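**Student:** Residue-level listing of the chains:
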Amino acid sequence: MPATAADIRKKEKIIQRVFLIIAFSSLFSLFLIALFIFIEGFPMIMKVGLKDFLLSTRWSPTRGHYGIFAMIVSSFWVTIGALLFGGPLGLMCSIFLVEFASARWRAIIKPALELLAGIPSVVYGFLGVVYLVPLVRDYLGGPGLSLLTSCIILGIMILPTVISISVDALVAVPNSYREAAFSLGGTRWQTTYMVTVHAAKSGIITALVLGMGRAVGETMAVIMISGNALKIPTSILDPIRTMTSNIALEMGYASGMHRQALFATGIVLFFFVMALNTIATLFARRKAIK
Amino acid sequence: MAARLVKGALTFVCLIALAVGAQGCRKKKKSQKTGRGYTSIIIAGSTSVQPFAEKLAEMYMVKYPNVIINVQGGGSTAGIRSAQMGIANIGTSSRNLHPEEKGLFEIPIAYDGIAVIVNPKNPLKNLSSETLRAIYAGRILNWKQLGGVDHRITTITREEGSGTRGAFEELVMEKTEIDPGCIVEDSNGSVRELVSTDPYSIGYISLGLVNKQVKAIAIDGVFPSVQTIKERRYRFYRPFLFLTKKKPVGLTLHFICYVLSPEGQRILAKEGLIPVTIIHGESTLCQQQRQTSGKKKK
Chain A
1 MPATAADIRK KEKIIQRVFL IIAFSSLFSL FLIALFIFIE GFPMIMKVGL
51 KDFLLSTRWS PTRGHYGIFA MIVSSFWVTI GALLFGGPLG LMCSIFLVEF
101 ASARWRAIIK PALELLAGIP SVVYGFLGVV YLVPLVRDYL GGPGLSLLTS
151 CIILGIMILP TVISISVDAL VAVPNSYREA AFSLGGTRWQ TTYMVTVHAA
201 KSGIITALVL GMGRAVGETM AVIMISGNAL KIPTSILDPI RTMTSNIALE
251 MGYASGMHRQ ALFATGIVLF FFVMALNTIA TLFARRKAIK
Chain B
1001 MAARLVKGAL TFVCLIALAV GAQGCRKKKK SQKTGRGYTS IIIAGSTSVQ
1051 PFAEKLAEMY MVKYPNVIIN VQGGGSTAGI RSAQMGIANI GTSSRNLHPE
1101 EKGLFEIPIA YDGIAVIVNP KNPLKNLSSE TLRAIYAGRI LNWKQLGGVD
1151 HRITTITREE GSGTRGAFEE LVMEKTEIDP GCIVEDSNGS VRELVSTDPY
1201 SIGYISLGLV NKQVKAIAID GVFPSVQTIK ERRYRFYRPF LFLTKKKPVG
1251 LTLHFICYVL SPEGQRILAK EGLIPVTIIH GESTLCQQQR QTSGKKKK
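Top to bottom, those sequences are chains A and B. The first sequence begins at 1 in the working numbering and counts up by one. The second sequence begins at 1001 in the working numbering and counts up by one.
Since the hints were derived computationally from the structure, they do not count as laboratory data. Since the structure is predicted, the reported quantities are computational estimates derived from the model, not experimental observations. Note that beta-carbon positions come from the ideal geometry of N, C-alpha and C, so glycine has one too. A portion of the hints provided could be inaccurate.
What the hints assert, rightly or not - Short derived list, chain B residues pointing at chain A, Cβ under 10 Å:
#, residue
1, 1077
2, 1080
3, 1147
4, 1148
5, 1150
6, 1159
7, 1185
8, 1190
9, 1194
10, 1216
11, 1250
Working from the sequences, and respecting the hints, build out all of it.
**Tutor:** So, in structure tokens, the structure goes:
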């Protein structure tokens, strides 16, 4: 019996449904993760008090102190620092790739960047400990395990994110913009920084913000190179402990309130990343409206 | 397009199958009997005990090839918890149990000294325990205060919950708190690595793990060694505990008795630990076991 149009439509519907469910599974796991973190961490925040949890610098779970302010500050600084290193570097690299590079250069650099993204973070951390930490210690002072070291390594780690998204933004700029600038007598560089980068601004900001999200979430490399001290850093050569490394460092040992406090740290981190992503989406949308 | 969708769906199904398969394997490992004549034990806990437990497991598996022993890390607190919950056959701890953790069957397998280490380039040879406490409390910050060069001390400690840190706090710090400005590393190995590269650092690790890269120093005039601990002169040592939920039986008991036997203890002594028999005498746990197994095994 040949399939009727109705049959085909029915099949189509079923397949649509199946894929809808599969698509929802990722949403569902996000929901579960959020739910789980909140169930585990929220009672602890209520017990300790939001102010004592967020604004106290004393973290000593075995003695009943659960202040994460020092870690929030450290996470903030390390993210800004990573952006200062990785942002300009990534932006310049993507400008080169889109505006100046010949096809041959592009064929070399692009795969190399993809490779950079594929290197496990523990390898970055290891290289940091073995090469960068002694360099910083010997030439700049301090213990070497420091905010500065973390910023440099994280700056390199966010490069693939920053570059790939800002390359997309630059490529999306219509060629007519460039042609118009050329016709007004602009050089290639003038065109790039006065026209193209301007037009791609929102996409580039999105790239930077998502890079920040990557930096704030990085854990393994940071544990290895940041020193994990529980103080608010007063110089870039001071050791720091970020929220993520705090969770990973003490997870294996934690029980009871301590464990809940780590989940509560996760809640703060969750809001941190959510805020960054919201900012990124807002900028991305502004571009779409334009 | 359709082909791509099908491919995606296939990948998805494969992934699920993989996940389910992995789950199945894990479940199997948990039980003692895995069929085909293989039997297995899971040991989990202290990262200080881990290398020694691995060594013992290795030797035991050479002797009894149809036994599989899984040794995992996780930390003393995790070891205690997994023994309580029955996740591991044997939990390990490198510190004494807190009062609220009691109720497990505790078997000390060896004692381990805690050595304070500095970089080999550091001329320091001896510290009083008060000075050591002052360094870790953040009251002494510069080597100059100890008669050394004018350079900040890099003080390295372990993370909260670590057995080595717990023992250090108990034995050295007493009631004083470790300064939050100390560098925190998450294993004996990384503390040693850091001290070996930073000439201005000080740290503490298991005596058994001290090697040529670092220099152990005397505390209160007593150099840490197996000998000085045996003589009860060096007082900074802690027990390595095997923990089981109930009195061990079967394969678990057999392995524990192997560890407590002269052969097992010899392995531990060779790795730099202090045999438990020196402090306790022979345990009664294994006497009966030895008689029965003497008949069966072989």
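**Student:** Would you mind marking each hint as holding or not holding in the structure?
**Tutor:** Each hint tested on the structure:
{"no.": "1", "hint": "1077", "in the structure": "holds (4 Å)"}
{"no.": "2", "hint": "1080", "in the structure": "holds (8 Å)"}
{"no.": "3", "hint": "1147", "in the structure": "violated (21 Å)"}
{"no.": "4", "hint": "1148", "in the structure": "violated (16 Å)"}
{"no.": "5", "hint": "1150", "in the structure": "violated (12 Å)"}
{"no.": "6", "hint": "1159", "in the structure": "holds (5 Å)"}
{"no.": "7", "hint": "1185", "in the structure": "holds (7 Å)"}
{"no.": "8", "hint": "1190", "in the structure": "holds (8 Å)"}
{"no.": "9", "hint": "1194", "in the structure": "holds (8 Å)"}
{"no.": "10", "hint": "1216", "in the structure": "violated (21 Å)"}
{"no.": "11", "hint": "1250", "in the structure": "violated (28 Å)"}
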